[in-house]
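Protein chains in written order, with my numbering: chain A, 1366 to 1734; chain B, 1366 to 1734; chain C, 159 to 486; chain D, 159 to 486.
If you're looking for bench data, these hints aren't it; they were derived computationally from the structure. Each statement offered as a hint is correct.
These stretches of chain B come out as covered by chain A in the derived footprint (C-beta under 8 Å, 3 or more residues): (1) 1375-1383; (2) 1539-1553; (3) 1559-1572; (4) 1582-1591.
Over 10 Å on every C-beta distance to chain C, these chain A residues come out as not near it, computed from the model: (5) Leu1401; (6) Leu1403; (7) Gln1550; (8) Gln1561; (9) Glu1608; (10) Ala1632; (11) Glu1657; (12) Arg1729.
Positions of the beta carbon are idealized from the N, C-alpha and C atoms, including for glycine.
This is what each chain is made of:
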Amino acid sequence: MPRKTIQMEKRIDYLGILDADGKLDAKLDPDLPKELLLKLHRAMVLGRRFDERLLNLQRQGRIGTFAPISGQEASQLGAVATLRDDDWMVPSFRETAAEIWRGRSLESVILAYGGFNEAATLDPEDAPPTLPVAVPVGSQMLHAVGIAWAMRYRREDRVVLTFFGDGATSEGDFHEAMNFAGVFQSPVVFLCQNNQWAISVPRSKQTRARTLAQKALAYGMPGIQVDGNDVLAVVAAVAEAVERARAGDGPTLVECVTYRMMMHTTADDPKRYRSDEEVEGWRAKDPIKRFEAYLVKRKLLTKPGIAKIEEEIQGQIQQAVEGAEKRMASLGDPLEMFAHAYAELPPHLEAQREELAAELRDSREGGGR
Amino acid sequence: MPRKTIQMEKRIDYLGILDADGKLDAKLDPDLPKELLLKLHRAMVLGRRFDERLLNLQRQGRIGTFAPISGQEASQLGAVATLRDDDWMVPSFRETAAEIWRGRSLESVILAYGGFNEAATLDPEDAPPTLPVAVPVGSQMLHAVGIAWAMRYRREDRVVLTFFGDGATSEGDFHEAMNFAGVFQSPVVFLCQNNQWAISVPRSKQTRARTLAQKALAYGMPGIQVDGNDVLAVVAAVAEAVERARAGDGPTLVECVTYRMMMHTTADDPKRYRSDEEVEGWRAKDPIKRFEAYLVKRKLLTKPGIAKIEEEIQGQIQQAVEGAEKRMASLGDPLEMFAHAYAELPPHLEAQREELAAELRDSREGGGR
Amino acid sequence: MSKLTMVQALNLALRQEMAKDDRVIVLGEDVGRDGGVFRVTEGLIDEFGEERVLDTPLAEAGIVGMSIGMAVNGLRPVCEIQFSGFTYQAFHQIESHAARMRWRTQGRLPVPMVLRAPYGGGVRALEHHSESREVYYAHTPGLKMVIPSGPRNARALLVSAIRDPDPVIFYEPKAVYRAYREEVPEEEETLPLGRSQVAREGGDITLIAYGAMVRPALEAAQRLEEENGVQAEVIDLLTLAPLDDSLFTASARKTGRVLVVHEAPRSFGPGAEIVTRLVEQSFYHLEAPIRRVTGYDIVIPLFAREKSYLPHTQRILKAAREVLETVA
Amino acid sequence: MSKLTMVQALNLALRQEMAKDDRVIVLGEDVGRDGGVFRVTEGLIDEFGEERVLDTPLAEAGIVGMSIGMAVNGLRPVCEIQFSGFTYQAFHQIESHAARMRWRTQGRLPVPMVLRAPYGGGVRALEHHSESREVYYAHTPGLKMVIPSGPRNARALLVSAIRDPDPVIFYEPKAVYRAYREEVPEEEETLPLGRSQVAREGGDITLIAYGAMVRPALEAAQRLEEENGVQAEVIDLLTLAPLDDSLFTASARKTGRVLVVHEAPRSFGPGAEIVTRLVEQSFYHLEAPIRRVTGYDIVIPLFAREKSYLPHTQRILKAAREVLETVA
Ligand SMILES: Cc1ncc(C[n+]2csc(CCOP(=O)(O)OP(=O)(O)O)c2C)c(N)n1
Ligand SMILES: Cc1ncc(C[n+]2csc(CCOP(=O)(O)OP(=O)(O)O)c2C)c(N)n1
Ligand SMILES: [Mg+2]
Ligand SMILES: [Mg+2]
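Based on the provided sequences and hints, a complete structural model is requested.
If you want it as structure tokens, here you go:
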């Protein structure tokens, strides 16, 4: 039928720069400073090794459930590397590497996974502004829009980067956040880490759309799909989106195509729903291996240099674990659970706190009556 | 930058057939049977006149708040005319004309707007299956997906048509419904009556997307924007979507571009937020005027014929009003409020019902003590 | 001082707080040009512009989620949800974030926001426009839940809510919106959150109510005096959470007889907590079982039968007389 | 008869009902290949195929809204929300539609669906994974709210819930999921919804509990007998709404002393309704104020402190002894 086809006002692009072997598409090279490249590499290795150590701690029962990030180092770190220190980051629950880049200490991470709320105040208040982990999937993106709105209202040229997964794009909150950001032209970069799985549900069952990036069109927003295991491509794409936001030209959706190499959380057994071959296929596209190959080729790193970095990182992690465990041993006063319920504890909570205090006194005195 | 642009798997079209003067674009003519054309015309006029009468009743305090449909007759009736009797319709709260097409009596409408739940059971149970009005904006579309899923499960070749407004597209539920329908390839036609306003909020502030139809791309679904004041275009577009659904080829989003000619509800004063010029501009595109011009041109109707139809409709409405008012006068036993709370009234509700019964006995006996 | 309806009084509170503090931002559906469907935000957009008064897209989780973001980033959003029956679309944002962010961040990121919503029956509205489900929020740790009963306290409480460092759910009894006028001073007036008031003194029986139920409770008290020579004390809760039990438990210790009135459904309703606090704190002074006069445990009926659902003066009066007649 | 955990018992209920009635459809996040994150739906997809066991996109309102549509169109959906803390994303669908459709259509379109969700603390989980907010649903007219306490009654109640003509919110105490095994008969067994049970007989004091709190209540009762020679009666509510008050009010009339135990926050919590029913129906038999042993009115702390938040045997015991010692 001779109907008019409606042209979209925005384009959806795909970007990859480094291939799986670390070979560069030179005409797309974002030409990052050497220091940044090395800082990114170190952060990626730290992210990976910290995961391994956390898994170890969890299996020994020294911390509780945690969500590993392995495989997603390039997506997270490439994205967050484009921010200024006064920009905001609004994470989901799987951005440990990015949080550390923003100044979160390893100790704080261990404390949180150890079940201690004190994790929240371990690090200096003047670290780059970052919301805490948001467990309810998709719920944090709206906060990013509100934060961004407040900055524009105060005429600040700051931006917000918010992370979420492929699964999160199915939540109503994703939709409302994207739509609000479009309407208010908020300086937000929506960064979807499409790691192919939402626990056991594959990307293909999450939505019928061929890409997640194209969901941007529903909001009159530009969207781009990036090879999320290629840190250079991530930096390039997100930097462009950040610039756009900072210039007042509104939000962007960036889909990083990546892979969760480990379990969803330590409570999960991925063997139930995905094959070893699939995992191995993605291992070949490992973001760290690829980036190291490139850095070695560019002579920014050497094999012994890498070994030294690995060693330093192990030392850093070891120190953090020791510090955290010492701290955890000193924490745990149950009465702390009443802290910060409200700005001021109302009378009924004072009374309940006192109930618990009495119980604790009793039990210290040998089990009460 | 030399990036790959991602091509969308679905197209978004625009369709108009009759222009504002009732002139036909012959190569797009859906070629509907004469009886259907006349039935559509009568239903459109009935929709309009019934609105006027309801407004009258409301202003006299004989019914409560109601939501007029004037201006949207073509969108609703063109859409619903494509359904079989065994298909489902899932309305929002502004589809009175479509509900009447599906067998709802005018009396039932009056009763509902008169505050009587008995409206729900006034009409025969074997009328074409239709959900009741859904007041929470956007919430009904998910029900359509579930209904559709059940039909496919039973291998029935039935479809579901669900209505919603431009404002509803901002709700998370819209997103979840569209996404579920895409994933499950549900036989659902999503019909958005974009009447330009969500109470006082204009379409342009509802979303940054240029069309609502393009939101289909986020779900890998075809979308089409239609001149919603052109009943032939609506029939053509929706018929195609219904066919697609019935054939098992999944859902479609149809955006009918139309206009709410009256107030949002009778509690609303549109003069606060929109100009007379705007309203007059749309009056020139009136769906009934345009369709009548076409039917007269095609000699399917004459001026006196139209006058006769108008007269018959007034009679029909008058009879319904009288019937409804007589019925309302006979209803109102407060104890009925406990009916159908559960399949079986649990003991505490039996007791509460008895409390009220005692109060009513008391007050009949002169105010108790 | 001028005589204002509750709608006007709330408008005054917003206007003055916005003038005083440019961190105060009003947002919601139709709050701008339209002035809100009940006109509570009328004129604000003219006075403060589109940057301070935001017409949002139609999405309640969006409104609340965005408000949370604004609040953690230094603003004091006052969002309106058009009817309390549509706050449920935002329930997860309220429970999972607004109520928890202070605790989660150990005080670093408080959420000083107000969520305003009209609640309750009595205005012949459509389905979902007449509910009274304040328990959902009163039961949620981390929130405050405020319900004014008249123009003057509505204004004073809204000012306090806006200045409160914690998230406040502010339910406005729409039946009272235009029901009557009260003197409301032009100069600033606040009322502390978490404090109830004695709306009428008396020593024979205690009637506990809030929101739209305070008026029928007062009417019943009046008639008890006129017709029975009984002095009823009426307690207006004003804040449901944190619940101020000091006043009503003291009153019960004085009167020994208590009636709780609310339009919310009875079971697991606000009255249950009040009764329980009385049992916990005034048990030995109770001379009769405490009675609840409440909405029934059903969806509030469409408006033709709404009046029979909502507690009214006569119903309160009858229950009060029964409580008074009970001999222990 | 075999010894099953609660997870296995629930799985048995689902399997048998699905085999018996092809209108029963299981849907939710990860319920298919993964068998649910707690494995309650394990193996169902192999036995009944992808048409009967649907892995949905990650969207709770979607899951519930779709279930409502399935239910009005003749199916019997049993949807799983992965944790009760994520039912809030669907709160509007539950309150505005599941709970109202029967009433709205005057019986023409009932919604026979079950919403299953694990609730409560005790498994060292992340934030939002340990809440106990059953009041949100118990207070909502039109819903039934069921909470089993052990493998055998969980199975019997789930079968009844699936067959019930009304929407049932079915909260599963995840702390009990694998805590112990019980004999569960292979042959069909049901329990009526809306009926509580005497879990232990006694004449000196009544302990009222449900879900994960039944075990510590029973332990406390045991110790009261052993250490104090006191016979405690333990009532297991099993259904919160409609609340069966006949058993516990009768028990209170017998013992005169009552303790209510739940892990939900105290204020406006389930205990308040129970206390109030007791006041309304057994007032003159009460020999001491009823006590509540409950969660505190704060967000349940992260797991390092969770044990101090949740009511435990010792805490119940101490409160019970205080109630027993009270002289009126
Ligand atoms: C609202 C909500 N529903 C369900 C869950 C349980 N859950 C936690 S993570 C997850 C999958 C998330 O998938 P995705 O968004 O792709 O992020 P990923 O885990 O892959 O990083 C689910 C279902 C939750 N945390 N929040
Ligand atoms: C969830 C929800 N939020 C708010 C409202 C109040 N309300 C009723 S209709 C309406 C506007 C709807 O706009 P649209 O979807 O365009 O439909 P229209 O009224 O134009 O037919 C609003 C805000 C509601 N009924 N439900
Ligand atoms: Mg994922
Ligand atoms: Mg509209």
